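With the hints as extra help, turn the sequences into a complete structure.
Listed in order, the protein sequences are those of chains A and B.
Note that the numbering used here gives residue 168 to position 168 of the first sequence, counting from 1, and the numbers run on in steps of one.
Note that the numbering used here gives residue 102 to position 102 of the second sequence, counting from 1, and the numbers run on in steps of one.
Hint data in this document are derived by calculation from the structure and do not stem from the laboratory.
Model, not experiment: these values are computed from the prediction.
Any given hint could turn out to be false.
Stretches of chain A that chain B covers, calculated by requiring three or more beta carbons in the stretch to come under 8 Å of a beta carbon on chain B [claimed, not checked]:
#	stretch
1	188-202
2	258-269
Derived pair list, reagent style BS3-like, types lysine-lysine, alpha-carbon separation capped at 30 Å [claimed, not checked]:
#	chain 1	residue 1	chain 2	residue 2
3	B	K56	B	K69
4	A	K189	B	K108
5	A	K189	B	K221
A few chain A residues that don't get close to chain B, going by computed Cβ distances all over 10 Å [claimed, not checked]:
#	residue
6	F4
7	L35
8	A76
9	S91
10	L104
11	G128
12	I163
13	A183
14	Q225
15	I229
All C-beta atoms, glycine included, are put in the ideal place defined by N, C-alpha and C.
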Amino acid sequence: MQLFVEQVLNGVANGVVYGSVALALVLIFRTTGVLNFAQGEMALFATFISWKLTQQGLPVVGAIAISMAIAFVSGAIIERVLIRPVETGRSPLNVVIVTLGMFLALNSLVQLIFGTDPQFMPSAFPKGGIKLFESGGRTATLQKGTLGLVLVLIAECIVLWAILNHTRLGLKLRAVAANPDSARLHGIKAGSMLMLGWAMSAAIGALAGSMVAAQRTGFDSNLMQTVLIYALAAAALGGFDSLWGAVICGIIVGVADALTIQYVDPLNGIEVVMPLAFILVVLMVMPHGLFGKRTVERV
Amino acid sequence: MSILELDGVSGGYGHAQVLHGIDLHVEEGNVAVVLGANGAGKTTTLRAICGIIGVKGDIRFDGKSIVGKHPEEVSRLGIAHVPQGRGTFSELSVDENMRIGAINRKDKEIAGDLERWYSAFPRLGERRKQEAGSMSGGEQQMLALARAMMARPRLLLLDEPSLGLAPLVTRELFAHLGDLNKGEGLSILVVEQNANLALDIGHWGYVLEAGAIAVENTAEKLHDDEAVRKAYLGF
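Listed below in structure tokens is the structure:
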């Protein structure tokens, strides 16, 4: 039982990481309709900026805030310079290819600028854990860092949800995502909204990356690659349009992964197939994911 | 006084020129009807007015040229465009769709207007929490009209509103348009294939053929002109 609880807690610790990146993926999908494969590497770049700033003696929270601001501006520039010119093309695949290109380019750029050595990112949260219970010589501990990340994620969700669903700006963002041509005819500057969507999700990604790196003993340019796979899985499982779905499914994916490692010996080392198989089954039964809105379109 | 004037407007898509020097005007408080077959350039004319495509010639709204303005700017001047396909924000609720109509208004009367249009279109009022894309074509067309009205436009452009609607629904729609024109004094430019219904509420009519105005006259005369009906309107 203790072992089970320990593994669940491990899973939650990883899961919040997946959830936080999934949140950025869902945000950009909801505001621009684009699946951004470069999300992880954009976050990686921002994470290195956070790290560099802490190296210069800045406090962690300040470093992350500055990195988020830089990511916000960069996200907007990326949309304007790299995404918009190809978006007018005939195939929506164009944008996908560009994000894949960015994935590779940003990763190489990070290695070029910051090197390939593992680095250490300090945590914004206090060290240590909270003992949940102790028996038979084993203790189940909830790391404060995990708890902190959960709280940050909940706060992010609430803020984003409030912006998207209860402000004029959020309505504009969603209008452009739903029907850009019609939004323009209603006087909404679609281009600005798309830039804002990219900017916001880049900032969320910067926050996620910086906190993910702090959870690890060290990080390098590979930090986000597996994370992105799990985050994509979490976003898909959540239905791609639900913020809460992304977070909750991130945790589900993390826990499923941890339990597979512990209890399913034959899959040792290839445990990544377990959550993915799980997702496949869910999506076959519920094509819109666990939390996605079922869209019915009549003409 | 003309609220909208098109002066020798030409334009199209890339190298394909669709409009060849269109002259057209909408008088303040009137309904102008543009008739014509598929491919005559009806939709392109509306797109030219809205700034979706670039044009040669002049387009004046309220006496001021609006050539070269972006669609979002044209909309803010007070021109509402209900495009073909109705422009529904499918995954958003009916209520959110309506609020998008008023998105650039700063006044305090938005809530009042919402209730007003919900009572004019009771079916929308009943469905305000429903996802807009799940409504029938007729309901979505009513939504498009009500959403356009939420902007308090001075000129309403409608692109084949009867397309894909049952005859009864089409009649209801045109009754609404007639009311808006008479009740609100709203100026309307409607592009249609359904000549009968459109001319019934119209003041002035144009027949568009191969990107140019072939015939124009009062709606009444166009409606009764045997030769025009046979040659262009097919009834």
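>> If we take the beta carbon of A/G128, is the closest beta carbon in chain B still more than 10 Å away?
In response: The assertion about A/G128 holds, with a minimum of 45 Å to chain B.
> Can we confirm that no CB of chain B comes within 10 Å of the CB of A/I229?
Replying inline: holds, 27 Å
>> Over 10 Å from every CB of chain B: does A/A183 meet that, or does the non-interface label fail?
In response: violated, 7 Å
> Checking the smallest CB distance to chain B, is A/A76 really beyond 10 Å?
Replying inline: Since the minimum Cβ distance to chain B is about 18 Å, A/A76 lies beyond 10 Å and the statement holds.
>> Just want to verify: A/L104 was marked as not at the interface with chain B; is every Cβ pair farther apart than 10 Å?
In response: holds, 32 Å
> Taken at face value, is the distance from the CA of B/K69 to the CA of B/K56 at most 30 Å?
Replying inline: With Cα atoms ~13 Å apart, B/K56 and B/K69 stay inside 30 Å; holds.
> Against chain B, does A/F4 keep a CB gap of more than 10 Å to every residue?
Replying inline: holds, 40 Å
> In terms of Cβ atoms, is chain B entirely out of 10 Å range of A/Q225?
Replying inline: holds, 32 Å
> So is A/I163 really clear of chain B, every C-beta pair being over 10 Å apart?
Replying inline: Label holds. Min Cβ-Cβ 14 Å, cutoff 10 Å.
>> Against the 30 Å threshold, does the CA-CA distance of A/K189 and B/K108 hold or violate the hint?
In response: Measuring from Cα to Cα gives roughly 22 Å; hence the hint holds.
> Far enough from chain B: is every CB of that chain over 10 Å from the CB of A/S91?
Replying inline: Nearest chain B Cβ is 18 Å from A/S91, so the label holds.
> Is it correct that the beta-carbon of A/L35 has no partner in chain B closer than or equal to 10 Å?
Replying inline: Holds, since 16 Å exceeds 10 Å.
Hint violations for this structure: numbers 2, 5 and 13, all remaining hints satisfied.
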